[in-house]
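Quick mapping for you: the protein sequence lines, in order, are chains A and B.
Under my numbering, the first residue of the first sequence carries the number 11, and numbering increases by one thereafter.
Under my numbering, the first residue of the second sequence carries the number 3, and numbering increases by one thereafter.
No lab work stands behind these hints: they were computed from the structure.
As the structure is a computational prediction, the values presented were derived from the model and not from experiment.
Treat each hint with caution, since some may be false.
[Stated by the list, open to error] Cβ pair distances, simulated, as ranges:
{"no.": "1", "chain 1": "B", "residue 1": "L17", "chain 2": "A", "residue 2": "I262", "range": "15 to 25 Å"}
{"no.": "2", "chain 1": "A", "residue 1": "K130", "chain 2": "B", "residue 2": "S293", "range": "37 to 47 Å"}
{"no.": "3", "chain 1": "A", "residue 1": "Q90", "chain 2": "B", "residue 2": "G297", "range": "20 to 30 Å"}
{"no.": "4", "chain 1": "B", "residue 1": "L21", "chain 2": "A", "residue 2": "E173", "range": "19 to 29 Å"}
{"no.": "5", "chain 1": "B", "residue 1": "V382", "chain 2": "A", "residue 2": "R131", "range": "53 to 63 Å"}
{"no.": "6", "chain 1": "A", "residue 1": "D205", "chain 2": "B", "residue 2": "G297", "range": "26 to 36 Å"}
A virtual CB, placed ideally from N, CA and C, is assigned to each residue, including glycine.
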Amino acid sequence: MVSLFRRRSGRRDDAPVAVQGRKAVIEIQGVTKTYTMGDIEVHALRGVDLTIYEGEFVSIMGPSGSGKSTLMNILGALDQPTSGAYRLDGVDVSRLSEADLAKVRNKKIGFVFQNFNLLKRTTAQRQVELPLIYAGAGGRSRKAMAALESVGLGQRLNHLPSELSGGQQQRVAIARALVNEPAMILADEPTGNLDSRSGAEVLQIFQTLNRERGITVVFVTHDSWIARHTQRVIMLRDGQIVADAPIAEPLIAGHNERPSMEDEMEAVLKTVYYGGNEEEYN
Amino acid sequence: MNLFESLRIAIDSLLINRLRAALTTLGIIIGVGAVIGLVSLGRGVEDYIASEFQSLGSNVLFVFSSPPTSSTRAGVQPMTTKEGEALRSRAVAPSIRTLAMETLVGGIVAAGSNAIQLSVSGVTPNFIAVRSWTIRDGAWISEEDNDRAARVIVLGTTVVERLFGDKAINPVGRTVTVNERVFTVIGVLEEQGGGIGFIGDQNEVAFMPILTAQTRMGSARTRDGGYRVDVLHIQALDEQSMDSATQEVETFLSDAHGVQFQGEQDFTIINQADLLSSLGAITGILTVFLSLLAGISLLVGGIGIMNIMLVSVTERTREIGLRKAVGARGGDILLQFLIESVILSLLGGALGVALGWLIITIGALLVPDLRLSITTDAVVLATFVSSFIGVFFGLYPASRAARMRPIDALRFE
C-alpha cells in the first residue's frame, strides 16, 4: 500500500531544494478557492503563493473572513483548491482522490485543534495509537508511548481525557499529531482553549519539537502574542497574502509575560497592530 | 487497516457508549424474543391440538348417524346393532380390526343432591380398546355386564368431581341415578389429557353397557330387529388400510340404507386425518398471524437501530471528522459504523433468544399442557434476521458517516 502510494504520488528525492539548502515542505502556487453558495460565488482565496521549508515554525494570521481557515484546510489536505498547485513534501496534493488524501493526512500531516478533539472515554495511549491504526503500522504501543513521553506524559498513558487538565489533553493531541512522524504539524489555535500557563506549556512543547527535532510547525492563529513565539508570520487579508516576514527575535515560551491588559488596550487604541513584525505595519 | 482493527474500533466505540448501545439492542431483543416466543407458542398449540386428536386412538374411523352436510336425503334411517355386527365380519369388511358401537342416552345423572345434565353413552365392551383408554378405579364394562344389560356405570373424572365433590374420590360400589334409574358405579376412567377441549372435555363422560342403554332406557327396536346405534367407532388394521376401511363401511351402509346415488347418504364417516387437516388449517393461520406480529416487532426493532445509529452519526460528527483528519478513509468509517450496528443487532439477537426462552419457560409453567421448546430453525432465523437488520438498517447511517467531509465534520458544533 505504501509503496503503491509512493509510486503514484511521485515522491522524489530530488524535490526542490531552495534557500539555505533547505527542502520545501509546502509549495503553493496560485491557489484559489471559490465556494458557491446558492447563486453567490465566494472567493475565499484569490491566488496564494507560499513556500514553507523544512524545520520552519510559521504562523498564519489574519482576521475572520481573510481565508485563513480555507488556507488551513487546503494545507491540511482536508479540502482541495479550486485552482493552483499544492505540493506537500514533494507530493502533488491538489490532484489526489479522497482515499489518497486520507493517506496524505495520515502520513504527512499532524493535526492539533483548538478543542483538542480527543475521543471520549479513551485512554491517552489509545488516542495516540489512532493514526497508527489507520496507517496499519506495527509497534503501536511502543511508538505511542514514545510520543507521549516526548510531550511529558509518559506517566499518564492510561488516563482518560476527563482525568487530564486542558494543557495535558492538548499534549495528548500533540503526541497524536507526532506519532506518524509527519512532514509537518498543522495547529489551529492550539492555545485558544487554554489558560495562560497551560498555553505557555503547550507553546514550549512546540518550540522544543521544532528546535530539537526540526519538526515543521504551522500555526493558524489570530492571536499576535502566540504568533510572536514563531519564526515567521504570514498575514492574510481578503484571500491574499499581504505580508510574509521573519520574526527577528521570537519570544521564548514561558520566559515572557503576556502584555498587560492596559498595554494591549493601548496597542489597540494607538496602533493598527496585527502582531508579528511590528515594523511592517507601523 | 484490517478487519480485526475495524472490529476493535467498533467494539471500543460501543463500550464508550454503553447506555446507547444497550438501548439500541433493546428493540432487537424484544423483536427476536417475540419471534421465538410467539412462533414456539403457535407450534405448541398446533402440536397440542394434533396430539389431542391423536389421543382419540390411532387409525380410528367414526361413523355418525347423520347425513353429511351435502346430503340431499330428507330422513335419517339410524344405524343398527345388526349392521354393526355385520361390519365386524371379515367377509364384509376385511380392513376393520375392531368395531365398537355407541348409543347415546341424554339425561340427568344424579348422586344424592348433585345432578348434572349429561349425554350417557351405551357402549360395547370393546369400546375402551378402540379408544385406548385405561381404568383408574374398579373395572370396565364386561361382556357379561352387557349380555345381561346390567345397570352398571363407568364415570369420567369430571363427572366424579361434580357428583361426589372431588375427582380423587373412588366411587366404586356407590349408586347414581340416570333418568331416575339406579346404577352402580363399577369403575372410573383414568384422567385424559387436555381439557382445553377442541373436542370437549374427555373426562366429562359416563358409560353403561350398550344393551342397557338400548333396552332399559326406552329405546325401541329398529326395522331390521336390531337396536339403534348412534356412532360406530372403527379401528382399521393399520394406517394404510384407513381408505379401504372407509370404502368398505361406505359400501355396506349405502347398500343397507338403500342409498342409490352419491350424496344421498344418511351417515357420515370421519377419520382422524380429516379432523387433523381441517384443524391444521386453522392452527396454521394462527401461527402465520403470530409470526406476522413478531415480524412487525422485529421491523420496529430494526427501525430503532437505524434511528439510534443516525442520531449517533450526528452526535459523533466531530469524532468522524477527527478520524478522517488522522487518516481514516470513507471505507474505514463505513466499516466501523456497519460493524457497530451488526454487533448491536447480533447481540440483540442472542439476548432475544434468551428472552424467547424465558417467554417459553414462563408459558410452559402457566400452561403445562403445551409442550413449548425453542426450535433450531427459530434460532437460525433470529440470527439471520438480526444480522440482516444490522446490515440493512446500519448501511444508511454508516454511508452518511462515511460521506461526511472532514472539514464540515470538524467544524460541527
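Checklist line | Violated constraints from the hint list, given by number and in increasing order | finding: Structure breaks hints 1, 3, 5 and 6.
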